[in-house]
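Residue numbers (this note's numbering), protein chains in the order written: chain A, 1 to 412; chain B, 413 to 780.
Simulated from the structure, these hints should not be mistaken for lab results.
Be a bit skeptical, because a hint or two may be false.
So the derived list for chain B, only partly shown, Cβ under 10 Å to chain A, looks like this [to be verified]:
1. I561
2. G674
3. Y776
C-beta atoms are modelled at their ideal positions from N, C-alpha and C, and glycine is treated no differently.
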Amino acid sequence: MNFDDTPEEAAFRARARAWIAENAPRALEAELKLSGFGHLHLHSVDRIAAAKAWQRKKFDAGWAAPRWPKEYGGAGVSPMEYVIWQEEEGVYSKLSGPFSIGMGMCGPTVMAWASEEQKRHLLPRLASGEDIWCQLFSEPVAGSDLAGIRTKAEKRGDEWVINGQKIWTSGARDADWGLLITRTDPTVAKHRGLTMFFLDMKSPGVEIRPIWQMNEESVFNEVYFTDVRIPDAQRLGAPGQGWTVALTTLMNERMSIGGSMPTGVPELFELCRELGVLDDPAVASRLAQFAMRASGLRYSAFRSISALSRGEQPGPENSIGKLVAGTLMQEVAQFALDLEGEAGLIEEPGLAVDGGRFQAMLLRSPATRIEGGSDEVLRNIIAERVLGLPADIRVDKDLPFNQIPTAASAGR
Amino acid sequence: MQFDFSEEQRALQGEVRRFFERACPVSTVRALIASDASHDAELWKQVSEQGFLAAAIPEDMGGVGAGYLELCLVAEEAGRVLAPLPAVSSIYQAAELIMIAGSHAQKQEWLPRLASGATIATIAVAEAVGEAVPETITARVSDGRLSGIKRPVSDGLAADVAIVVAQALDGIGLFLVDLSAPGVERRPLKAVDPSRKQAEIRFDGARCELLGACGEGWALLSAMRDRAAVLVAFEQIGGAQAALDMARDYALGRYAFGRPIGSFQAIKHMLADMYVSLELARSNAYYGAWALATNAPQLPLAAASARVAAIQAYKLCSANNIQTHGGMGFTWEFDCHLHYRRARYLASVLGTSPLWERKLVAAYGRAA
Chain A
1 MNFDDTPEEA AFRARARAWI AENAPRALEA ELKLSGFGHL HLHSVDRIAA
51 AKAWQRKKFD AGWAAPRWPK EYGGAGVSPM EYVIWQEEEG VYSKLSGPFS
101 IGMGMCGPTV MAWASEEQKR HLLPRLASGE DIWCQLFSEP VAGSDLAGIR
151 TKAEKRGDEW VINGQKIWTS GARDADWGLL ITRTDPTVAK HRGLTMFFLD
201 MKSPGVEIRP IWQMNEESVF NEVYFTDVRI PDAQRLGAPG QGWTVALTTL
251 MNERMSIGGS MPTGVPELFE LCRELGVLDD PAVASRLAQF AMRASGLRYS
301 AFRSISALSR GEQPGPENSI GKLVAGTLMQ EVAQFALDLE GEAGLIEEPG
351 LAVDGGRFQA MLLRSPATRI EGGSDEVLRN IIAERVLGLP ADIRVDKDLP
401 FNQIPTAASA GR
Chain B
413 MQFDFSEEQR ALQGEVRRFF ERACPVSTVR ALIASDASHD AELWKQVSEQ
463 GFLAAAIPED MGGVGAGYLE LCLVAEEAGR VLAPLPAVSS IYQAAELIMI
513 AGSHAQKQEW LPRLASGATI ATIAVAEAVG EAVPETITAR VSDGRLSGIK
563 RPVSDGLAAD VAIVVAQALD GIGLFLVDLS APGVERRPLK AVDPSRKQAE
613 IRFDGARCEL LGACGEGWAL LSAMRDRAAV LVAFEQIGGA QAALDMARDY
663 ALGRYAFGRP IGSFQAIKHM LADMYVSLEL ARSNAYYGAW ALATNAPQLP
713 LAAASARVAA IQAYKLCSAN NIQTHGGMGF TWEFDCHLHY RRARYLASVL
763 GTSPLWERKL VAAYGRAA
């Protein structure tokens, strides 16, 4: 058990550090540090332009997609080297926010299911920041029950015609490509009638409507499809195989370990120090419980990385990360505002305590507990896949999709 | 970085697990609970012969000299089977204290005997209600003689020798006392965890010997507790894992409303939360093990994090194991209460959660 780099790892770290020292956009460092939870905020420069510039620079030097094979724009590094890269990239990794869904989920799905020609075309463009990808999965009637999606794809010659609506699509407005799951056969059981495509987001008939969120930001979008045409060549997997393809995407969500989620715990300690309340036993009790959860997450990630570097596959154990971090962020924010007293109500720029960091966290954290697998879905995953408890009894499992009861069919 | 135990260490853990499964079925634990014996002497002898608990004591002091990572895994396995052994007192605390505070002669005198299990030692700190602090200690040493009352003393009946925290001329000191000597009286106390016997010990002018510098006693005690907290955390995660396993097995086998109760989300989510709590404790304990094994400056923070997390996990897992079992979990004959009681015992020795929460915050402040 040790935290030391091997000589090879140390050499890799030195190389990464030297390259970052020479190339990182230092002018943005202070602003990036303040950039809050869940979204890249930059005021001095255009967010997307800055992100693309850093991604391009990394790509040209081979740091953009270190884990990917070289032929697709990667560098083929080991899991541990990738962790070292992330540690060294530090605050600048926030600049990769607009690419995280593409790199983390869409890219690996394309890699597993697209033709060789498509991979050689699309993946380097994604890795270099030329293209931004989004994920068109959730729908108004299908969130946790993802296989219940209704967006329709119908075959017309060599094309498919798409009609329907997606929701909760992060970054749709910036995206060039979307990974789209559709229903192609409503007469078979729900998991069997799905088909996956990738879609040019500039296609006629694609309409994007920003969602105004409860935290007064607009990262998520609704995406509407009216007779949108997709060439059959942009289908991933066979018709009806969409669920299997989607599982590739969702599995890769779990691979994205190592990049630890912010919890607000170090910032809360800082606040307590400034307020001089560290010696208050009631404060210490809450702080210690928060800190224990944060360090537990950190060392759980270390354990996963160690397992990965031994060649083990990341398993469902990694589901605890977001489950713990979401609630932790929310509780930390509430406690920080308790400590701020009535001043905790102030969001006014320039007056809010710590630049309004905990207020922003309070209002963002509910989304963390829902997006990418709600707390309840994650608990089901842990119960079923880690502890081996029985799957839920699914009343819709063997019904043809078009006979599954809905609120409308129940007259509600 | 390799943040896990090695294959050799895992192999040792497997060997220890097989040993405990054979030597310490739950009937052994229940037999001790039903008896007036101070501890399971036969099990203690067998474990000592295997050398498992001497893993971290140096070879030239009669130990195995394997290391703390090995001892952590032994502790985890002991916790899993609720082993009714005085290891928390004699090995994790007394031997550690002698190693960090003892003179060379004291180490030579005591460590080989503790390593072989021939002698059992314990620590006597508590007197009054409330977390012990230097100001509340009334036991006193003058002219090499100790007087005062200590209660409860874990393994106070099994122990041959105690390290007693007492006031002396220069402040708090640690004093080695032969418990069979004149001026020592002890009696058993009925306790929450009857598989770990508690005693009251009265000292009336008992002969004693200073361990470590006088006036440094509390600091030494605190330093020892940082080390013991990591080892105890492994007992706790072993116990918490056993409680979670019991709950899972019962949820799979118990049918209600025509289906296994483990198929209801209310039960599944409760068990998922137990798992999460245990994983957080396990990861914090691993970090503690690393800090203990390498004598890292991060040990105070790592130990406090491990202890706070492990207390929490074992409490939750043992309580929700009873909940999963429903009414049967409340019976004497089901084993659920044995973990519930052990979780409380391990939460109370070494100082309770509020103390460690304050220690964690203080250490975090120093580390930042």
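Those earlier numbered hints the structure runs against, lowest number first: 1
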